[in-house]
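Participant: Between the sequences and the hints, there should be enough to build the whole structure, so can you do that?
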Amino acid sequence: MRDWLQYFSTRIRYKLFAAALVAALFIGLTGAVSLRAIEILVSSVNVTNEVSLPFLSHTMDATHAMRELTVTTDNFFSNCDTADSAFLLSVKSSLEKNIITVDALTVFLNRAQLLEYATSIHQLRNRLHQALTDMLQSCETQASLQRQLQQQQQLVLAGIEVLERNFDQGITDLTFQLEQKPYESVILHENYTSLWPILSSLVRLKVYTRRIHDSILKLVSWGSGDEINQRFTDYQGLITQLKNETQQTEHLLKQVDDRVTDIKTAEPLVTLMLPVQDIQDIWQKKMAVRDAMQVNQIAADSARLVMISKLHTLESKARDAYVDTNTSNNRIVIEVSWMLAIVASIASVILLLSGWFVFRRLLQPLELLKQHVNNAMTNGELSRSMPERLTERRDEVGALAVSFEKLIADLSLTGSETLIGSQAEINKQYERLATAIESIPQGICLVDATDCVLICNRHFKFIYCLTDGQIREGMPICDVVAACQENGAVFNICQQEKSEGSTPVGFSFSQQMVNFRDEKIIVVRTAETPEGGRVFIHEDVTERRRQEERIAYLAHHDALTGLANRTLFRIEFKDVLDTLADGQQVALLYLDLDCFKIVNDTMGHPIGDRLLIQVADRLRVCLRDSDKVCRFGGDEFAVLLTQNSNQESAVMISERIIQTVSQPYDIEGQSIHIGISIGIAVAPVNGTDPDRLIKCADVALYRAKQKGRKTYCFFELEMDAQIQSQRALELDLRMAVEQQQLELYYQPQVNTLNHQIACFEALLRWHHSERGPVAPAEFIPVAEDTGLIIPIGSWVLRRACQDARKWPENVCVSVNVSPVQFRTESLLADVKSALSTSGLTPQRLELEITEAILLHDTLNTLTTLTQISQMGVQISMDDFGTGYASLSYIQKFKFDKVKIDRSFVSDLVCSKDNQAMVHALCRLCISLGIGTVAEGVENLRQLRLLEQEGCTNMQGYYFARPMPADQAAIAIEKQTHYIRFDNS
Numbered sequence: 001m002r003d004w005l006q007y008f009s010t011r012i013r014y015k016l017f018a019a020a021l022v023a024a025l026f027i028g029l030t031g032a033v034s035l036r037a038i039e040i041l042v043s044s045v046n047v048t049n050e051v052s053l054p055f056l057s058h059t060m061d062a063t064h065a066m067r068e069l070t071v072t073t074d075n076f077f078s079n080c081d082t083a084d085s086a087f088l089l090s091v092k093s094s095l096e097k098n099i100i101t102v103d104a105l106t107v108f109l110n111r112a113q114l115l116e117y118a119t120s121i122h123q124l125r126n127r128l129h130q131a132l133t134d135m136l137q138s139c140e141t142q143a144s145l146q147r148q149l150q151q152q153q154q155l156v157l158a159g160i161e162v163l164e165r166n167f168d169q170g171i172t173d174l175t176f177q178l179e180q181k182p183y184e185s186v187i188l189h190e191n192y193t194s195l196w197p198i199l200s201s202l203v204r205l206k207v208y209t210r211r212i213h214d215s216i217l218k219l220v221s222w223g224s225g226d227e228i229n230q231r232f233t234d235y236q237g238l239i240t241q242l243k244n245e246t247q248q249t250e251h252l253l254k255q256v257d258d259r260v261t262d263i264k265t266a267e268p269l270v271t272l273m274l275p276v277q278d279i280q281d282i283w284q285k286k287m288a289v290r291d292a293m294q295v296n297q298i299a300a301d302s303a304r305l306v307m308i309s310k311l312h313t314l315e316s317k318a319r320d321a322y323v324d325t326n327t328s329n330n331r332i333v334i335e336v337s338w339m340l341a342i343v344a345s346i347a348s349v350i351l352l353l354s355g356w357f358v359f360r361r362l363l364q365p366l367e368l369l370k371q372h373v374n375n376a377m378t379n380g381e382l383s384r385s386m387p388e389r390l391t392e393r394r395d396e397v398g399a400l401a402v403s404f405e406k407l408i409a410d411l412s413l414t415g416s417e418t419l420i421g422s423q424a425e426i427n428k429q430y431e432r433l434a435t436a437i438e439s440i441p442q443g444i445c446l447v448d449a450t451d452c453v454l455i456c457n458r459h460f461k462f463i464y465c466l467t468d469g470q471i472r473e474g475m476p477i478c479d480v481v482a483a484c485q486e487n488g489a490v491f492n493i494c495q496q497e498k499s500e501g502s503t504p505v506g507f508s509f510s511q512q513m514v515n516f517r518d519e520k521i522i523v524v525r526t527a528e529t530p531e532g533g534r535v536f537i538h539e540d541v542t543e544r545r546r547q548e549e550r551i552a553y554l555a556h557h558d559a560l561t562g563l564a565n566r567t568l569f570r571i572e573f574k575d576v577l578d579t580l581a582d583g584q585q586v587a588l589l590y591l592d593l594d595c596f597k598i599v600n601d602t603m604g605h606p607i608g609d610r611l612l613i614q615v616a617d618r619l620r621v622c623l624r625d626s627d628k629v630c631r632f633g634g635d636e637f638a639v640l641l642t643q644n645s646n647q648e649s650a651v652m653i654s655e656r657i658i659q660t661v662s663q664p665y666d667i668e669g670q671s672i673h674i675g676i677s678i679g680i681a682v683a684p685v686n687g688t689d690p691d692r693l694i695k696c697a698d699v700a701l702y703r704a705k706q707k708g709r710k711t712y713c714f715f716e717l718e719m720d721a722q723i724q725s726q727r728a729l730e731l732d733l734r735m736a737v738e739q740q741q742l743e744l745y746y747q748p749q750v751n752t753l754n755h756q757i758a759c760f761e762a763l764l765r766w767h768h769s770e771r772g773p774v775a776p777a778e779f780i781p782v783a784e785d786t787g788l789i790i791p792i793g794s795w796v797l798r799r800a801c802q803d804a805r806k807w808p809e810n811v812c813v814s815v816n817v818s819p820v821q822f823r824t825e826s827l828l829a830d831v832k833s834a835l836s837t838s839g840l841t842p843q844r845l846e847l848e849i850t851e852a853i854l855l856h857d858t859l860n861t862l863t864t865l866t867q868i869s870q871m872g873v874q875i876s877m878d879d880f881g882t883g884y885a886s887l888s889y890i891q892k893f894k895f896d897k898v899k900i901d902r903s904f905v906s907d908l909v910c911s912k913d914n915q916a917m918v919h920a921l922c923r924l925c926i927s928l929g930i931g932t933v934a935e936g937v938e939n940l941r942q943l944r945l946l947e948q949e950g951c952t953n954m955q956g957y958y959f960a961r962p963m964p965a966d967q968a969a970i971a972i973e974k975q976t977h978y979i980r981f982d983n984s
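For the sequence shown, the UniProt record's numbering begins at 1 and goes up steadily by one.
Watch out, some of these pointers could steer you wrong.
Claimed, not checked - Label-pair distances were calculated between CB atoms; the ranges are:
| # | residue 1 | residue 2 | range |
| --- | --- | --- | --- |
| 1 | L859 | Q975 | 38 to 46 Å |
| 2 | D301 | Q150 | 29 to 37 Å |
| 3 | H556 | Q647 | 27 to 35 Å |
| 4 | Q975 | Q722 | 41 to 49 Å |
| 5 | A449 | K574 | 54 to 62 Å |
Keep in mind the hints are simulated off the structure, nothing from the lab. We treat Cβ as the ideally placed atom computed from N, Cα and C, and that holds for glycine.
Facilitator: Structure representation (structure tokens):
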């Protein structure tokens with residue numbers, strides 16, 4: 001046992017463990033005491049937070065709520081006559097909010113087991129709530145009676161106004177007659193002396209009406225019951241006096257001739273008398289309601305006063321409890337603070353003793369051991385022995401000292417062996433470095449402080465075509481530079497380096513460019529080594545420079561056509577404008593290809609790109625050497641005529657461009673026809689800023705397209721506003737498409753054989769929120785120019801098929817197809833989708849195409865028409881004979897119907913030429929078995945002539961105007977209302 005104790009006493013770890021155990025036990029004991037004190041403190045704080053403070057808070061809130069109720073009650077009692085729904089709603093809201101506050105206090109009192117107070121507060125709350133609710137209802141009734149009273153007052157005032165107007169008219173008439181006669185005649189002549197009493201009576205009548213007016217205003221103001229009764233008595237007396245005076249006036253009027261206007265007073269008197277009883281009844285009801293409201297107010301005040309008294313008592317009790325709790329908390333905090341201070345002091349003493357023990361028995365010997373080892377390692381004193389005070393220790397420090405002493409001896413023994421092996425390792429690392437340098441793709445040349453070559457990789461030799469004899473280790477760098485120059489290297493040396501002369505020719509610490517036989521561009525970078533030598537890195541950047549030049553070229557040129565792009569064109573344009581002499585002019589031509597989008601969409605982008613390349617080539621041919629042409633993007637080009645170009649030269653070149661570009665293009669065996677429109681702006685006439693001139697030319701281009709394309713147009717000042725209006729219409733149309741503001745109307749086509757509706761033509765309508773109805777002739781061209789006609793046409797197909805699905809099976813629907821929509825590849829898919837989605841049979845759908853569709857790409861057009869016809873859909877030619885159509889189209893494709901344009905029908909009755917044209921068209925269609933539809937039938941004579949010619953269907957205002965889908969369904973049910981074939 002003694003040996004074990006001696007063993008433990010000589011081990012530092014066990015000494016430290018024992019000291020730590022004692023410290024831990026003491027700290028644990030003091031910690032437990034501290035935790036108990038903290039629990040007491042937390043419990044006391046919880047009592048404050050959960051009971052005392054909420055008790056005081058709820059009581060103060062309830063007291064504040066009672067004050068708000070007092071203000072609210074007085075407010076709506078005094079303003080009850082003028083109360084509206086908003087005022088009553090705010091009063092109800094305030095009442096409910098304050099009652100909820102009192103309810104919260106009651107809930108807290110129940111939870112805090114203060115049942116006596118909770119019951120008392122709850123009972124007072126119910127009494128107060130009932131009284132206030134009754135007051136609120138009485139106030140609503142009183143406000144309603146006040147409004148009725150004001151209505152009756154307005155009725156009486158209207159009657160008074162009529163009386164005053166009659167009396168004023170009579171006074172005016174009498175005064176006018178008396179003023180027209182001499183004074184002696186008015187005084188002496190019996191015909192005029194009789195008018196004076198009438199005039200006096202009318203004046204008294206007007207005075208009575210004014211007094212009645214003042215009396216009725218008093219009737220609707222507040223007063224005691226006796227005052228109100230006296231007001232009614234006075235009012236009735238005034239009415240009686242007015243009535244008597246009126247009878248007397250009427251008696252006087254009967255005694256004179258018709259020189260005096262008849263004064264009608266009977267009806268207004270009735271108006272004055274009738275509402276009096278109603279006003280009195282309303283006043284009695286209003287007084288009764290107000291009395292009841294005062295009773296409710298007394299009850300509410302009584303309950304509120306008792307409630308406030310209770311709340312004051314509760315608040316006093318809550319404040320006392322809160323003060324007691326805070327006092328207890330402060331006492332506990334002081335006790336806990338002292339306890340923690342004592343514990344902290346004892347813990348500090350223990351930690352200081354433990355630290356002294358650790359420093360004295362452990363850290364100080366370890367520091368001595370560390371110092372001895374550092375001296376042996378840094379000074380090479382490996383033979384110096386360890387201090388005896390460390391090796392004689394019987395603890396872990398002594399064992400560690402003995403181990404270090406043995407380790408130092410071993411190091412001294414193996415030092416020589418390590419030195420021998422390190423030289424071999426250095427040689428091995430050198431070989432690795434040489435291999436790495438040889439594998440670097442740049443040329444590397446390393447020189448020492450004397451500018452002699454140490455290392456040179458094979459890529460360096462390859463760049464400058466050097467042989468092993470021309471460069472070797474130890475050769476001066478000047479000889480290497482001379483060998484490179486002999487092989488064709490030309491070094492670009494800055495002037496500063498030439499003047500310094502300290503650096504070998506061709507090499508420096510700054511970046512240099514080397515031109516090797518006009519084939520390679522080499523960048524030289526130089527860096528110093530720690531020993532004073534230098535490393536030269538030579539990189540071949542020939543390909544990178546070529547790519548940079550290509551990028552710089554593409555930044556200012558169009559990649560497809562090779563023309564200048566917008567950026568380069570604007571720079572050159574600005575330079576031309578800046579150097580423009582006085583009196584000189586330059587012209588800007590803004591070009592846009594016509595129908596290019598159709599070619600691009602129908603034939604594909606590769607064909608479109610090749611077409612743009614050929615257009616660019618033709619533009620170069622049309623221009624002079626000094627002119628500049630660029631591609632802005634898409635199918636837009638710009639031409640700058642620089643040689644003092646006036647309007648005449650601009651016109652000449654524009655016509656040449658239009659003629660050249662409009663010639664057919666042969667691409668992959670297909671003949672492509674396009675046109676070009678040109679907008680022209682002249683500087684300095686239209687401005688001197690490039691952006692301004694480009695905008696002006698763009699505006700002129702837009703006008704050229706409106707004029708029919710394949711033309712040019714000069715910019716004029718009034719164009720800007722018109723184009724802005726047109727573009728605003730385009731933006732509105734885009735929004736209308738997105739927000740589905742477009743709608744379909746339907747106009748019936750009537751069969752002339754059975755006099756029944758055979759078909760409805762779907763007509764697109766747009767009702768703008770600000771512009772109102774927008775004519776199709778105004779927005780359809782915009783839709784076609786912008787491509788919006790494609791989604792619009794697809795929507796029209798779907799909607800028309802959906803509406804037609806609800807009609808009888810013998811009624812079909814006719815839809816117009818735009819040329820732009822017809823040339824898209826999605827037309828067939830749109831037709832199939834509309835039919836399948838709606839469930840409409842193909843035979844009930846009819847597509848109307850215009851002659852313009854047949855003028856371009858006839859083969860593809862006829863193929864598309866055949867595919868549509870094979871689906872079962874009917875095809876009709878719209879406006880036949882008004883354009884460039886010929887009979888060959890009818891031969892190539894058998895249409896189901898041909899529509900006779902309204903221009904032939906409008907003058908059919910009086911024009912022999914139109915009759916002959918209609919006769920020929922109808923006979924031709926009958927012989928080919930094709931139906932005919934006459935548009936614009938507006939009278940019976942036109943109808944009869946068309947019937948005689950054998951026209952199978954008719955359409956026009958004579959039968960019906962275009963109508964919404966729901967009215968179209970009604971028109972089918974009541975066809976006789978719309979279809980008239982006689983004079984009825």
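Participant: Compare the structure with each hint and give your call.
Facilitator: Outcome of the hint check:
no., hint, result
1, L859 to Q975: 38 to 46 Å, "43 Å, holds"
2, D301 to Q150: 29 to 37 Å, "30 Å, holds"
3, H556 to Q647: 27 to 35 Å, "30 Å, holds"
4, Q975 to Q722: 41 to 49 Å, "46 Å, holds"
5, A449 to K574: 54 to 62 Å, "56 Å, holds"
This entry satisfies every hint, going by the numbered hints stated previously.
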